[in-house]
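**Student:** Each chain, written out:
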Amino acid sequence: MTDAERDEVQATEPGSVAVAGQPVAGDAAEYIALTSAPEVMANSLGEYTRIWLRRVRSGESGALPVIIGLVIIGAYFQISEHAFLSAGNIANLMTQAGFLITFCMAQTFPLLLGEIDLSLGFNAGIGGTITLWMVAVHNPFPTWAAIVVGIAVCAAIAGIEGLIIVWLRIPSFVVTLAGLLGLNGVLLWLFDETGSVGNGGVIQNHNGFINALVSENMSPAAGWIVLIAAVVVTGVYMIVRDRRRRAHNLVAPPVSVTLLKIGVMAAVGLVLVLVLNHNRGVGLTVLSGVPWVVPIVLGLYVVLTVLLGRTKYGRYVYAIGGNAEAARRAGINLRRIRVVAFTLCGAMAGVTGILYASFLGSISNDIQGGQYVLYAVAGAVIGGVSLFGGRGRMVGALLGGFVVAVIYNGVELLGLSAAAQYIWTALVLLAAVTLDALARRGSTPT
Amino acid sequence: MVTDRSGDGTRPDTGRVPSGSELPNGSPAESGDVPLLRLRGVSKSFGPVQALTDINLDIPNGEVTALVGDNGAGKSTLIKTIAGIWQPSSGELIWNGKPVHIHSPKDATALGIAAVYQDLALCDNLDIVQNMLLGHEAVRLGLLDEVSMELTAKQTLHDLRVTTVRSIRQLVGSLSGGQRQAVAVAKAVMLDAKLVIMDEPTAALGVTQTELVLNLIERLKNTGHSVLLISHNLNDVFQVADRIAVLYLGTLAAVGPAAEFDRQSAVDLMTTGASTRLGNGTGAGSADAPGVSTGAEG
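So the sequence lines, in the order shown, correspond to chains F and Y. Take the first sequence: its letters are residues 1 to 446, numbered as in the numbering used here. Take the second sequence: its letters are residues 1001 to 1298, numbered as in the numbering used here.
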């Protein structure tokens, strides 16, 4: 924006803002700052911080509440039990968080459309079962085929549910509720069909690769290499993007902000790798390195974030969640986008099932599919994904899933009952939603 | 075509041709200036309900035509017929001198007709750039090209002198009513629209916001767009319209240069389909005042 334009803006703004009934009528700049991303409003680090703080106060807090929540919960567990932040428990936490996070990511797709997939838990169970059955001792399938088929079946199941939802125009709640019941039945039937493999309702995993996904670690050197590569690639991407924006005279975040972000990311990664590379073995066994599940989940996170934030497809998902009629008039094929979203959701459920099987070392036919799916919803909502569609990001699913995992881990570590775990999760979910609702009520112009 | 608003009424306006008479193919006033869109004998019925009867209306190039009428007069049906949502039961539409059949909103867009309905069809959860380019995203190396999209949106808003938004990365949900209208119009204009149909753009807006939208309409006109404005608010109509067309119970009660109408005659026409005051402004004092043709003739 040129200076002349800025002046013009300043001259015309106050009136329009006053009419809009904003509480800050008269201070147009402040109002505008409240309502747009700090990245595009600030010219310096100080200004950025001020705008960001104002946004937080007005309810546009982004990932802040969930991070604060994490710190509070973590601090409580650490005070109650000093082993909570030990290298061993952090590695343990990572392995528990992996499948919960991918599960929340899966649920994020339907949630962004204003839909829900209640059948996700049993869908994931079916994926894990098929994969483990295919790699069972007497079966000739290669591991990669087992993984691909497991994920593909889950994607197909969710895709069919999506087709029913868009073609028959039945609410997803009902269709996937039927899926929840039906897939539980299918899971039981599947165990019967596996014969001796699923004897006693449990399929043990004897496949080294699948076991390694969650239960084995990268070598310490590999951990460092992956971290450095990730930080360099992300940093270069951010700097190149900002530079291109500036070259076209568009507003870009101040360099200091970008550097700060890269720095924070590098620092978090550094601490994590440092802790996880620490020998956490008991006695003479050496156990160190970042569990493989961490780069796997982060890789999926990056792919899905790019998909939602940087592709036409992702843009249309948000558009449909925000205003389906507007999307329709823009020529977007709503049915296709919805069905693909359910299919992606199913594929992520398949990934979850396999990670879960790897985590447990087996899969059983009494898997709590109905309960886990509600964890997925809870995690996504804790991370700021709206149940009404159109709002929320993959980073929310990542953090929300992590919160659920921290509670699960902490409660177990403290030796509390299952009752405590449910109640804790319930309270955190309620707190997250209440905070969100209060913030919105405070900020929404009426 | 009458383009002279301050005209003394010596040039007959042919926008409304009495039904049954021959349609002039180039009357003196029109030669050399083909109207952007002509509706000839357009009727539309829904089952037994006759929503539009024999509408003859010209929408000239680069002018603001206001379509006024009471509730149920057929305004919405008329614009939806132009925008391709309905097809006329009979009659024809002539776009730039050529008869056209508009079967769908897509056809209308392809011709250069953009309709901005009252609900605006914006996504509150997307920012201004994302809304303006929804369905027409620029892609670079398989990923969204935010830079080029932002530049396109910025240029369009600049051309329309929409300056009340400071950041075009603001979420549309945070905009005021007038700003939202501006974004919806800019979105329509960006698709190379020649005719912009605006349905009640100032309804539910405050004074300042209304002013913003009216300025936007002026700006559209100045950038060579034709505007078809539907409004209940005669203040707005008289402020921006070059021509006024009054619908009454599905028929065109009157059409002519805005200067030929006054508030009372417009209200009379809207509520009764006729006015004895029509043309008072020019002293003619009768319904068949030059410049305005009324349904009474037909």
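Fair warning: there could be bad hints in the mix.
[What the hints assert, rightly or not] Derived SDA-like pairs (lysine to any residue); straight-line CA-CA distance at most 20 Å: (1) Y:K1194 - Y:R1140; (2) Y:K1154 - F:Y301; (3) Y:K1194 - Y:L1141; (4) Y:K1080 - Y:T1272; (5) F:K312 - Y:R1169; (6) F:K312 - Y:H1158; (7) F:K312 - Y:L1249; (8) Y:K1154 - F:R336; (9) F:K312 - Y:T1053; (10) Y:K1154 - F:D242; (11) Y:K1194 - Y:V1139; (12) Y:K1154 - F:L334; (13) Y:K1106 - F:R336; (14) Y:K1080 - F:R245; (15) F:K312 - Y:L1141; (16) F:K312 - Y:G1135; (17) Y:K1106 - Y:R1140; (18) Y:K1221 - Y:A1138; (19) Y:K1106 - F:R328; (20) F:K312 - Y:G1142; (21) F:K312 - Y:K1080; (22) Y:K1194 - Y:T1053; (23) F:K312 - F:L284; (24) F:K312 - Y:T1271; (25) Y:K1106 - Y:G1142; (26) F:K312 - Y:V1139; (27) Y:K1154 - F:R244.
Derived from the structure by calculation, the hints contain no laboratory data.
**Student:** Check each numbered hint against the structure and report the violated ones by number, ascending.
**Tutor:** 1, 2, 3, 4, 6, 7, 8, 9, 11, 12, 14, 17, 18, 21, 22, 23, 24, 25
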